[in-house]
Amino acid sequence: MKVDKKDVEYVAMLARIELSEEEKELYSEQLSTILAFFDRLKEVDTENVQPTSHVVDLVNAYRSDQVRPGPGVEEVLANAPDRAQRFFRVPKILD
Amino acid sequence: MDLHEETIQGLHTKLARREVSSEEVTRHLLARISQLNPELNAYITVTEEEALAQAREADQRLANGDATSPLCGVPIAIKDNMNTRGVRTTCASRMLEHFVPPFDATAVRKLREAGAVFLGKTNMDEFAMGSSTEHSLFGPCRNPHDHERVPGGSSGGSACAVAADLCIAATGSDTGGSIRQPAAYCGVVGMKPTYGRVSRFGLVAFASSLDQIGPIAKDVTDCSLLLQALCGYDPCDSTSVDSAVPDFASFLTGDVRGLRIGIPGEYFIEGMDAEVEEAVRNGIRILEKEGARPVEISLPHTAYGIPVYYLIATAEASSNLARYDGVKYGFRAKGASDTLRQMYHRTRSEGFGAEVKRRIMLGTYALSSGYYDAYYRKAQQVCTLIRQDFVEAFQHCDVIVTPTVPSPAFPIGEKTGDPLQMYLLDIFTTTVNLAGLPGLSMPCGTTSGGLPVGMQILGRHFDEGTVLKTAFAFEQQTLTTSKTQA
Amino acid sequence: MEYEAVIGLEIHAQLLTESKIFCGCSTQFGAEPNENTCPVCTGMPGVLPVLNRRVVELALRTAVALKGEIAPRSVFARKNYFYPDLPKGYQISQFEAPLSLGGYVEIEGDGGTRRVCLTRIHLEEDAGKLVYEGTMEKADAGYVDLNRTGVPLIEIVTEPELRSPEEAAAFLRKLRSILRYLEVCDGNMEQGSLRCDANVSIRPVGSEGLGVRTEMKNMNSFRFVEHALEYEIQRQIATLDDGEKIIQETRLWDTSKNVTMSMRSKEEAHDYRYFPDPDLVPVEIDSTWVEEIRGNLPELPDEKENRFVEAYELPIEDARTLTATAELADYFEKAVARFPQAKKVSNWILTELLRELNRDEREIGGCAVTPEHLSGMLAMIEDGSISGKIGKQVFEEMYRTGKEPQAIVKEKGWVQIQDSSELAGVIDHVLVSHPDEVSKYRAGKEKVFGFFVGQVMKATRGQANPKRVNELLREKLQSDN
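Protein chains in written order, with the working numbering: chain A, 6 to 100; chain B, 133 to 618; chain C, 88 to 568.
Here chain A stands alone, though its shape is the one from the complex:
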């Protein structure tokens, strides 16, 4: 599987990661190599094989509908890089 520069740019955009030109080259090459190796999965016949999403077969893990108050706004905001009063603050939204 060849991952070209456009693919890398698309994926980087989805993942919100800024890449330099050199990084794009590097990731294009590395991801291509890695995925070429992973292509060996195509050898495996998986028709009618159910996908595994949990390695242990558990179902129905519930909690009851009871309010347990959080630690309070100060604790929630304590690690915030930027805040204003009781809010997390973010830069202007539209480009």
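DMTMM-like mimics (lysine to aspartate or glutamate), calculated; alpha carbons at most 25 Å apart, straight line:
#, chain 1, residue 1, chain 2, residue 2
1, C, Lys216, B, Asp470
2, A, Lys97, C, Asp358
3, B, Lys547, A, Asp44
4, B, Lys466, A, Glu28
5, A, Lys11, C, Asp358
6, A, Lys10, B, Glu487
7, C, Lys166, A, Glu14
8, B, Lys466, A, Glu26
9, A, Lys29, B, Glu482
10, B, Lys466, A, Glu79
11, C, Lys166, B, Asp505
12, C, Lys216, A, Asp87
13, A, Lys10, A, Glu27
14, A, Lys97, C, Glu224
15, A, Lys29, B, Asp470
16, A, Lys11, B, Glu482
17, A, Lys97, B, Glu482
18, C, Lys225, B, Asp470
19, A, Lys29, C, Asp358
20, A, Lys97, B, Asp470
21, B, Lys466, A, Glu23
Sample of chain C residues lacking proximity to chain B, with all beta carbon distances greater than 12 Å (derived):
#, residue
22, Glu89
23, Glu156
24, Arg267
25, Asp284
26, Gly298
27, Phe311
28, Ala411
29, Lys499
30, Met544
Hints in this document: simulated from the structure, not taken from any laboratory. The structure displayed is predicted, hence computed values, not measured ones. Here a beta-carbon is modelled for each residue, glycine too, at the ideal position from N, C-alpha and C.
Following the hints, complete the assembly by docking chains B and C onto the known chain A.
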């Protein structure tokens, strides 16, 4: 014996008899850390004050005659991806360099309640992504057996700290071998429990369906003691299993007569290190001599473990790491006139290291429109076949014994330029996570170069007991385990 | 060319739980910013979700009531995208395996009852709120409040079967009524506990294919839904008529300008990278649970409406209005139980009571007139204690003060004079005082009768029972002849 050489079991006896105080041991280890850590780089954060406070509290508890917990007063190290209330939890990432969690991980809380003393947080590959502990914001950790070599990863700091006697025992986390591989490289005992045995609440997620916390210790007995303290159902983790935890000590009998040991042909492959193969085969012979019965088994989908693992793990990681966006906590890139979009891109570009970014990219790609079926779903399907291989194999054997890694610890820097070569090291460990099985690595000899070799013992789901039984019997016969020259 | 609209709705309803879907934070509306948050719903490193069982129960109740097919196994997935109100960088929702498939809602239209089919009902968590000063384009910062993050929602998706804005609004009204009957959602569109997005396209009448659709958001009232859809359909027709193409996009209803606006997002084509959430285990619903829920379902609006028509012999329009909410229907039934003349009760509720409530924008629950008071008053009219006219005054008094009718009538001295001897005295006095009119009446000018009645009523300050007055007057005028 010097205090730092103590095991949990040995130290517990002395603490209970008041022959030594926890504060004394803690001070001794803190001094040793300040002496050796600058070179080994096993710890990211040393919590001297907190440790001494915990030690004094433990001493008080012991003075009151409460010696029921084998961990009470025992200084241990915590991998830096487990939340510790009030103590920064960095995941070795710039992204969380200054993150101070307001709560303990359930596993950490259990250890705290057991009276353990936390010396600090250990070095690791950033967000547990790596097999060498080179991918750390805080620089690489070194192998105590050869400082030019890696200790393995991602729990390299914990394995190093245990091997170099910078703690009595440590916690690790294992997503694709991150406890067992560094344990093998450092010559200590490390165990990944069955998925669901130990709560993941408060463990900073790498790949949620595979991550599991486990012990890293100096011997099998310590491993079982620490495991005992970590295990148990947690209603805060939906994937935690609500079933009784056996008394692991009761399995440490040394008796393996009649035990069927599965030897998978696929784990003794061409190109693997001859000394590693010989050490493991020798280990199997020792068990056989003790009355265990080797059985040839086959795990035919082993070769697909690496792609399946790296697709599933990176896909989950790409989503798990989306929360690091510079809004609620952690790193935010500077740039006063930034827009939100620029802030996101720069924060994640500067906040994550190269390997983490590579894996996020890979995982995002595997899930993206048009590739989901070919990569992610395909990997999940082959994962089913890998699980079935083990189910079938365990019809014929009680445990499976294999090498942990195909080769011993490699020089620092050797593989950082070639990610695929690094990934391939995980060939014997990842399938165990994919199947959710318990697996342990323990020393089974050294290479001519003096590097430890790890033997891996796997068991059925929730049968950690039989794994520990096998490991203990082997250990009894080979008490010449390589001791570190730190 | 003649076009017809094709509309599909996606309704998000907040389930009436105490706590959030995956953590113990309160769901209460109106808390201080970030008050109802904790490490779990703010997505701190290491946290894990645990599903609130009540959420599943309320969603099941809805699905069963809407005749959906309950999936024996449903799975939570992650919908991945970046936005400041989404603290984990993904929303936990159901994708490939929703809780329920199919089902329907019946609505009344010009052509009679129409069945609107549902595609699915699934569970998900709400996002938080991003606020800014002024407009998003001009604001130089955004402020994030995560109180709503993790509030439990069901998303109900219809097939693209609605053909007009009126139908869409009728569907939404009916659905809201059902959700409120089920006590799964309070249906408050202003507070956002019921939200509606719409997919709209147009096609030439008679054509079977589907045109390019736009997704409409931010229609937070029934009125806005109707207006926005009307506008959007006209906009699409005008676009095609101008020979231009409709662009698949998301548009917002601008309530100040009464237009839909493109969200002009530079955003990539949506690539949400859904995959099963490994932190949550599948939900398996056994038939016992479903049957238990089915057994405990309340009577729903349609059933109640039919029963009202049959049991109380009410006109369909009356029954429909009375059953719009379970509270109003209960009110009616309580009143009828004490005053078993359904049509009279219905008339009073539909005219007097609803007029007052609508004027004050009150719900029936906040009404001071109890069903007992209403029926008590009706009984007083019936037995002649008060006149219908006085009744209206009594009603207004009850509505204003919450007092019971007997007390009001007594206090105000509004008791009707029925006593024949008392009335006879008044009538005698009136007749004696107006000999000329008596003569005219007797000469055949029967119109004068009304004059006598008026005089008697005036003398009794309106409290004479008019029926008795009529009887007695006629008696007197004839007997003295």
